[in-house]
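For reference, the chains in residue letters:
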Amino acid sequence: MKRVLCLLIVMFSACYTFGQNERDFSSRFLSLCKNDTSVHCITISPKMMDEILGQNGLNKETEITTEISKIKSMRVLSVAYPNSKSYFKKTEALLANNSERFTKNKAYNSPKSEGGFWIRNDGNVIIELVMLDFNKHSNLFRIVNLTGNMDEKFILSLSKNMKSKKTIK
Amino acid sequence: MDYKYIEQLLERYWKCETSTEEESILRSFFYQEEIPAHLLPYKDLFIYEQRAGEVKLSDDFDARILDKIDEEEPIIVKARRITMTHRMMPLFKAAAVVAMVLTLGNAAQKSLNTEKPANGYNYTGYKDTYSDPTAAYDKVEDALQLISEGIQQADENVAKDSIQQQSLPTTKDSCINE
Chain B
6 MKRVLCLLIV MFSACYTFGQ NERDFSSRFL SLCKNDTSVH CITISPKMMD
56 EILGQNGLNK ETEITTEISK IKSMRVLSVA YPNSKSYFKK TEALLANNSE
106 RFTKNKAYNS PKSEGGFWIR NDGNVIIELV MLDFNKHSNL FRIVNLTGNM
156 DEKFILSLSK NMKSKKTIK
Chain V
2 MDYKYIEQLL ERYWKCETST EEESILRSFF YQEEIPAHLL PYKDLFIYEQ
52 RAGEVKLSDD FDARILDKID EEEPIIVKAR RITMTHRMMP LFKAAAVVAM
102 VLTLGNAAQK SLNTEKPANG YNYTGYKDTY SDPTAAYDKV EDALQLISEG
152 IQQADENVAK DSIQQQSLPT TKDSCINE
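Protein sequence lines correspond, in order, to chains B and V. According to this note's numbering, the residues represented by the first sequence are 6 to 174, in order. According to this note's numbering, the residues represented by the second sequence are 2 to 179, in order.
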């Protein structure tokens, strides 16, 4: 009886502890290639996102503040040649295996690059967006992982406004 | 025979009013062989001391006890090999208790201290690459630019595919017509 009770306590506490640590895709990906030095990661935490939005010099009308305000965190992972192609395929397979968690949203394939978008929804809110991009010319594979409170409108505004805002800047 | 005196003594005895001399009179009375029937139930009460004093160990008591001791089989102490695991068991138990306490403590601490964001992610493992918000902003802009280009490419691909699909039946129809 004592043993069963102890086991239950340990199981419960372990589940509780792990339940608190829901990780995004890039964190899971990084834990898979911990010792690989060819994988580089850029992290922008929620705290830094707040700092970016709070910058004094930021022009609220021309800059991409509306888009950034919907993003909580960002991670950009990049893998250079020669591992890039294999990592691209592996990551695609990983996302396909996690189809319950991530839904494939869009895909593209051109002479220049190949990639796609996977999203994780919580109701109508996109809480995570994963973009895979394999540049065929430079042989560079990149994962852009955003978390936050995004929606279809956000994706639409990105596709329409980014180019014009970049030009204005 | 008149036993009134004895009966009076008895009554006083029950009330705890008798002296030691009177009690010894009662004891010597009940030690007699002939006692009236109505006083017989009290006999045992007064003569038990003398009877108990008469009980003695028999002369061969010591010899019999010693014989019994000699008859008993000698205790065989068997050597038992204790493995390292058995020897370390208390240490394992202590370690398990410590691990449990730490796990529970950690869980409690996390539940109390961690601000779980609305979207369910825990960002405690996040370490910023840039400490300067301007540099971080540039990277965010680049990433959003990349996403934007990707979305545009994907939309173009979808448009091209739909045009191709629309043109396919037309070609087929023209072949049939020919």
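If you're looking for bench data, these hints aren't it; they were derived computationally from the structure. By construction, the Cβ of each residue, glycine as well, lies at the ideal position given by its N, Cα and C atoms. Just so you know, not all the hints are guaranteed correct.
As the list claims (entries may be wrong) - A short list of chain B residues far from chain V (calculated; beta carbon distances all over 10 Å):
1. D29
2. S32
3. L37
4. I57
5. P87
6. N88
7. K95
8. K111
What the hints assert, rightly or not - The calculated lysine to aspartate or glutamate pairs, modelled on EDC-like cross-linking and capped at a C-alpha distance of 20 Å, are:
9. B:K111 <-> V:D156
10. B:K141 <-> V:E157
11. B:K75 <-> V:E74
12. B:K39 <-> V:D162
13. V:K140 <-> V:E157
14. B:K141 <-> B:E97
15. B:K52 <-> B:E27
16. V:K94 <-> V:D63
17. B:K165 <-> V:E142
18. B:K165 <-> V:D143
19. B:K158 <-> V:E23
20. B:K158 <-> V:E142
21. B:K158 <-> V:E150
22. B:K90 <-> B:E119
23. B:K52 <-> B:D41
24. V:K140 <-> B:E27
25. B:K117 <-> V:E8
26. B:K109 <-> V:D156
27. V:K69 <-> V:E55
28. B:K109 <-> V:E12
29. B:K94 <-> B:E119
30. B:K141 <-> V:D45
31. B:K109 <-> B:D55
32. B:K165 <-> V:D156
33. B:K117 <-> V:D156
34. B:K109 <-> B:D156
35. B:K52 <-> V:D139
36. V:K16 <-> V:E34
37. V:K161 <-> V:E150
38. V:K128 <-> B:E97
39. B:K117 <-> V:E23
40. V:K44 <-> V:D60
*Starting from the hint list further up, note which numbers the structure goes against and sort them upward.*
1, 2, 4, 8, 11, 12, 13, 16, 19, 23, 24, 25, 27, 28, 30, 31, 36, 38, 39 and 40
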